[in-house]
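2 protein chains.
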Amino acid sequence: MSEVAAETSGGQRRRRRRRGGGDAGGPATPPRSEAYRKLTNPYTPVKALSDDQIAHIHETALRVHEELGIRVLLPEARELFAAAGAKISGDRMVHLDRDLIARALETAPSTITLKGGADHREQTLGGNSMTFMPIGGPPHINTLDHGKRPGTFEDLKLMFRLCQHFDVIHALSPSVEPQDLANELRHLDVTRAQMTLSDKPPFVYARGTPQVHDCFEIIRLARGLSEDEFRATAYAYTVINSNSPRQLDIPMCQGLIDFARAGQITVMSPFTLSGAMAPVTMAGAQMLQHAEALAGITLSQLANPGAPVVYGSFTSNVDMKSGAPAFGTPEYIKGSFVAGQLARHIGLPWRSSNANASNAADEQAVYESMNSIWAATLGGANILYHCAGWLEGGLTSSPEKLVMDVEALQIMAEAFQPLDASDDAIGFEALREVEPGGHFFAASHTMSRYETAFYPPILSDWSNFGQWTENGGVRTYERANTVWKQALDAYEQPTLDSGASDAVDAFVDRRTSEGGAHPES
Amino acid sequence: MSEVAAETSGGQRRRRRRRGGGDAGGPATPPRSEAYRKLTNPYTPVKALSDDQIAHIHETALRVHEELGIRVLLPEARELFAAAGAKISGDRMVHLDRDLIARALETAPSTITLKGGADHREQTLGGNSMTFMPIGGPPHINTLDHGKRPGTFEDLKLMFRLCQHFDVIHALSPSVEPQDLANELRHLDVTRAQMTLSDKPPFVYARGTPQVHDCFEIIRLARGLSEDEFRATAYAYTVINSNSPRQLDIPMCQGLIDFARAGQITVMSPFTLSGAMAPVTMAGAQMLQHAEALAGITLSQLANPGAPVVYGSFTSNVDMKSGAPAFGTPEYIKGSFVAGQLARHIGLPWRSSNANASNAADEQAVYESMNSIWAATLGGANILYHCAGWLEGGLTSSPEKLVMDVEALQIMAEAFQPLDASDDAIGFEALREVEPGGHFFAASHTMSRYETAFYPPILSDWSNFGQWTENGGVRTYERANTVWKQALDAYEQPTLDSGASDAVDAFVDRRTSEGGAHPES
Chain C
62 MSEVAAETSG GQRRRRRRRG GGDAGGPATP PRSEAYRKLT NPYTPVKALS DDQIAHIHET
122 ALRVHEELGI RVLLPEAREL FAAAGAKISG DRMVHLDRDL IARALETAPS TITLKGGADH
182 REQTLGGNSM TFMPIGGPPH INTLDHGKRP GTFEDLKLMF RLCQHFDVIH ALSPSVEPQD
242 LANELRHLDV TRAQMTLSDK PPFVYARGTP QVHDCFEIIR LARGLSEDEF RATAYAYTVI
302 NSNSPRQLDI PMCQGLIDFA RAGQITVMSP FTLSGAMAPV TMAGAQMLQH AEALAGITLS
362 QLANPGAPVV YGSFTSNVDM KSGAPAFGTP EYIKGSFVAG QLARHIGLPW RSSNANASNA
422 ADEQAVYESM NSIWAATLGG ANILYHCAGW LEGGLTSSPE KLVMDVEALQ IMAEAFQPLD
482 ASDDAIGFEA LREVEPGGHF FAASHTMSRY ETAFYPPILS DWSNFGQWTE NGGVRTYERA
542 NTVWKQALDA YEQPTLDSGA SDAVDAFVDR RTSEGGAHPE S
Chain E
62 MSEVAAETSG GQRRRRRRRG GGDAGGPATP PRSEAYRKLT NPYTPVKALS DDQIAHIHET
122 ALRVHEELGI RVLLPEAREL FAAAGAKISG DRMVHLDRDL IARALETAPS TITLKGGADH
182 REQTLGGNSM TFMPIGGPPH INTLDHGKRP GTFEDLKLMF RLCQHFDVIH ALSPSVEPQD
242 LANELRHLDV TRAQMTLSDK PPFVYARGTP QVHDCFEIIR LARGLSEDEF RATAYAYTVI
302 NSNSPRQLDI PMCQGLIDFA RAGQITVMSP FTLSGAMAPV TMAGAQMLQH AEALAGITLS
362 QLANPGAPVV YGSFTSNVDM KSGAPAFGTP EYIKGSFVAG QLARHIGLPW RSSNANASNA
422 ADEQAVYESM NSIWAATLGG ANILYHCAGW LEGGLTSSPE KLVMDVEALQ IMAEAFQPLD
482 ASDDAIGFEA LREVEPGGHF FAASHTMSRY ETAFYPPILS DWSNFGQWTE NGGVRTYERA
542 NTVWKQALDA YEQPTLDSGA SDAVDAFVDR RTSEGGAHPE S
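Taken in sequence, the protein lines are chains C and E. Sequential numbering from 62 applies to the first sequence in our numbering. Sequential numbering from 62 applies to the second sequence in our numbering.
These are calculated hints, taken from the structure and not from any lab test. Incorrect hints may appear among the rest.
Same chains, same names: a pair is fine if it fits in one copy or spans any two.
Said to hold, decoys possible - Capping the alpha-carbon separation at 35 Å, the derived lysine-lysine pairs in DSBU-like fashion look like this: (1) 209 with 148; (2) 546 with 148; (3) 209 with 546; (4) 108 with 209; (5) 108 with 176; (6) 148 with 176; (7) 218 with 546; (8) 148 with 99; (9) 218 with 108; (10) 108 with 546; (11) 218 with 148; (12) 218 with 176; (13) 176 with 99; (14) 209 with 99.
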């Protein structure tokens with residue numbers, strides 16, 4: 062009755078009836094979560110520019126390196142660049158020539174394996190694969206229960222448990238900053254928590270070599286690896302932004318070098334906000350992003366040829382009235398398509414984001430996020446970072462928003478599954494079973510399939526208005542609060558080998574008693 | 062500071078500052094609404110199946126007509142089919158052969174012009190064009206102010222005014238059913254209201270020939286056309302569903318014939334809900350949709366070869382626990398891509414929908430809608446029907462949801478605008494202007510562009526959390542209520558020529574005094 066002509070045809074009311082099998086209240090469809098662990102995107106990536114235009118942006122970025130250069134603050138990084146033939150001038154300005162960049166792009170792998178604590182947690186980054194990594198970096202958390210406040214270690218562990226619970230989230234990330242932990246010890250507790258609360262690949266902050274090495278050691282011990290085994294395969298990842306425009310700061314250079322030498326993944330993501338730290342044109346912001354990404358990628362390959370590095374894009378526009386970042390905008394959509402084209406142009410895996418600028422987990426947060434998710438997905442992203450839980454331009458983590466995002470991601474994961482177009486699915490014989498004007502509820506074609514035919518949502522409420530009202534008329538935001546609490550109840554902590562667990566504890570205890578390591582900046 | 066490495070690099074806080082020009086509080090960016098009136102989708106449509114698989118679904122639909130047939134309830138329609146060589150059997154069963162269908166597809170136009178009351182309202186249906194048509198058919202309306210209740214004529218006029226106000230909505234539709242108007246007079250008042258409150262193309266219900274002819278006459282008089290001029294070009298459209306599976310009811314057959322003979326547009330949209338009125342497989346539901354659409358298209362071409370008819374898809378799945386329709390699901394997404402492929406396979410314009418099943422204008426409504434919008438857009442739809450204002454599977458109209466949808470549609474319309482990849486936009490010289498680590502706020506490249514560089518939202522709030530909280534912490538749903546009231550204040554009624562207006566009034570008065578015309582079913 063929702064369509065206008067259903068009104069036209071009067072007596073022909075659309076049938077809604079309850080199935081016998083579903084009356085018990087339990088889900089009629091068994092869990093199909095296995096399908097969410099490794100995702101392949103079957104759709105041809107959308108292009109916003111021609112291949113020639115993309116090549117021209119790449120060419121212009123090479124000119125930026127040759128004619129303008131970038132400022133590199135870390136002496137060791139300048140020495141690596143200089144030893145490879147780069148010209149150093151003025152105030153720490155480095156000029157990469159196109160051959161040096163081309164050699165780096167030859168050694169950077171097009172496909173990367175990222176391992177977790179179980180075989181089924183392994184992710185492939187590159188090709189047609191798509192990996193969902195949750196929100197990273199917010200100082201605050203906001204829930205329906207207590208509103209917005211600074212994050213704590215308990216909050217972070219909550220987010221780790223939720224990210225472990227939902228199979229469609231494929232890794233961990235620092236999903237809220239534990240501000241109650243001392244700066245010099247935080248990395249130890251956070252990395253141990255990732256290893257004990259989850260078997261998904263962990264994130265490590267690049268906040269100076271001592272912290273990075275501590276974290277790598279915890280992961281190596283937890284995974285029961287020799288030092289050579291750890292260096293041979295990626296078990297961790299980090300995200301590094303440049304100080305746009307055209308500057309690589311000390312900790313980010315150090316991080317690129319440290320991760321490359323350890324064989325761990327750097328997602329090299331310039332934060333080129335169009336109109337603020339980047340040109341006010343999307344083509345210009347993308348060109349700057351590309352130039353800066355090429356610098357980081359080249360540094361990683363000079364530190365260790367073949368090191369795993371991902372082309373990260375994080376370009377959006379600002380509100381020109383206030384300078385505040387905006388996300389999920391039309392400029393963001395087009396920029397995402399271009400970023401994917403640029404990544405494929407140089408043959409590297411591409412990271413995009415699920416971003417929004419809303420202050421609340423509300424309708425704006427959702428439509429901006431959905432634009433971000435679709436632009437990344439149809440643009441052919443290999444990593445969707447900040448995939449779940451992000452609010453307020455990344456300043457705040459939200460468990461309710463995480464549930465909304467998980468629903469959206471599961472829908473996308475299901476949309477990736479091939480559509481069965483066999484003769485049996487096309488169903489000529491099924492049509493023969495049902496009289497004109499009849500229904501398919503009881504058809505054998507339906508009965509043999511209905512339990513697993515459709516995606517069962519975790520958040521959407523499809524009851525009719527009367528039932529919904531009787532049940533309290535609960536809006537989606539409030540239902541999301543219930544869903545994450547149910548997920549927390551259903552969370553199962555993975556088992557860490559007791560020897561590994563003891564080794565991790567002993568290491569963390571020792572490093573704690575030694576005073577840990579202060580972050581570098 | 063939203064990205065993790067912005068945390069890493071410590072002191073490098075992201076800059077947010079107010080621009081001088083924007084402090085006055087007015088919009089820094091002038092209106093750019095002209096760009097929303099005629100939209101061209103630049104993106105290559107996404108495919109969910111191979112061309113061979115699509116051809117096989119088409120072939121199977123032809124077999125359905127030849128071997129199973131469809132039931133046609135209107136004698137005149139059966140006579141038209143029989144006269145063209147179709148075999149009639151059993152209980153009003155009609156068997157179309159593939160040659161008859163092929164001839165219809167040859168005469169059906171691939172591109173259709175739909176005219177309004179002003180040149181800039183003209184829409185092209187077909188090719189790469191995309192037309193947004195608002196919600197049609199809901200019996201109820203739901204606003205933040207009064208909750209859900211039966212629709213009235215005043216409510217419908219409110220929706221007409223809102224649809225007229227926003228340029229991104231390209232036509233009118235019966236956006237809520239005026240249940241306070243008598244059945245036999247409703248079509249007269251509603252059509253007159255469309256002509257006087259808006260200059261966008263109107264919708265006419267196919268509820269029997271007398272009503273249809275009344276409505277056509279009102280439109281002809283309002284537009285100042287001769288009968289021949291009216292018949293030569295489309296000035297109105299209707300949507301017709303089949304009684305799936307495989308049945309064409311009396312009023313829908315009559316509508317197809319009436320609209321074809323008058324040269325007005327039928328959007329032939331089988332409502333094939335997978336698992337209910339259609340097979341539980343998406344390929345099967347699409348195949349049934351295709352077969353039924355072909356029947357309607359063929360009837361229109363037999364009634365008047367060359368008549369404008371659109372391939373409408375309205376296939377989704379049901380909740381297998383309750384039988385309730387679901388929208389914006391993964392099945393809906395894949396089905397939309399397939400529907401677009403089927404429409405292009407037969408060379409007709411394709412209509413999709415912006416649908417959701419939420420009982421409230423909330424986050425679920427938005428993520429389901431966004432899936433529908435993106436699946437239609439990336440699938441290459443020519444018409445997005447129910448583009449704005451739809452809730453609850455189409456049972457309810459919502460002005461707040463209309464505003465959320467308008468924001469989403471305007472973002473999409475902006476994402477259709479070509480990305481400037483000129484050398485000036487790529488901005489090598491702009492980079493030269495700004496020191497490493499600096500910003501582009503004051504760069505000449507920025508100053509000459511910033512006022513029109515980015516899309517200015519109508520609903521999104523990009524203020525920071527402190528400002529947002531100071532301003533009351535208003536969530537998006539509540540802001541949408543304010544926005545539609547502002548739009549209503551800003552609404553300008555178009556001028557109808559006084560002669561035309563008098564002629565319309567005289568006609569409506571006469572037909573009212575004659576008792577109008579009862580709907581047929």
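Comparing the hints with the structure gives:
For a Cα distance limit of 35 Å, the shortest separation of residue 209 from residue 148 qualifies neither inside one copy, at 49 Å, nor across copies, at 70 Å. For the identical chains of this complex, residue 546 and residue 148 are neighbours neither inside a copy (56 Å) nor across copies (61 Å), given an alpha-carbon limit of 35 Å. In this assembly of identical chains, the alpha carbons of residue 209 and residue 546 lie at most 35 Å apart whether taken from the same copy (18 Å) or from different copies (30 Å). For a Cα distance limit of 35 Å, the shortest separation of residue 108 from residue 209 qualifies neither inside one copy, at 39 Å, nor across copies, at 43 Å.
When the C-alpha separation of residue 108 and residue 176 is checked against a cutoff of 35 Å, the pair qualifies both within a copy, at 31 Å, and between copies, at 32 Å. With identical chains, the CA atoms of residue 148 and residue 176 are never at most 35 Å apart, being 38 Å at best within one copy and 64 Å at best between copies. In this homomeric assembly, residue 218 and residue 546 come within 35 Å of each other (Cα to Cα) only inside a single copy, at 14 Å, whereas the closest approach across copies is 44 Å. Taking the shortest Cα distances, residue 148 and residue 99 never come within 35 Å of each other, neither inside one copy (44 Å) nor across copies (52 Å).
In this assembly of identical chains, the alpha carbons of residue 218 and residue 108 never lie at most 35 Å apart, being 39 Å within a copy and 41 Å across copies at closest. Taking identical chains as interchangeable, the C-alpha atoms of residue 108 and residue 546 are never at most 35 Å apart, the minima being 40 Å within one chain and 38 Å between chains. Taking identical chains as interchangeable, the C-alpha atoms of residue 218 and residue 148 are never at most 35 Å apart, the minima being 47 Å within one chain and 70 Å between chains. Only within a single protomer do residue 218 and residue 176 lie at most 35 Å apart by alpha-carbon distance; the minimum there is 21 Å, versus 60 Å between protomers.
In this assembly of identical chains, the alpha carbons of residue 176 and residue 99 lie at most 35 Å apart only when taken from the same copy (12 Å versus 49 Å across copies). Taking identical chains as interchangeable, the C-alpha atoms of residue 209 and residue 99 lie at most 35 Å apart only when both belong to the same chain, with a minimum of 34 Å there against 43 Å between chains.
Consistency note: the structure conflicts with the earlier hints numbered 1, 2, 4, 6, 8, 9, 10, 11.
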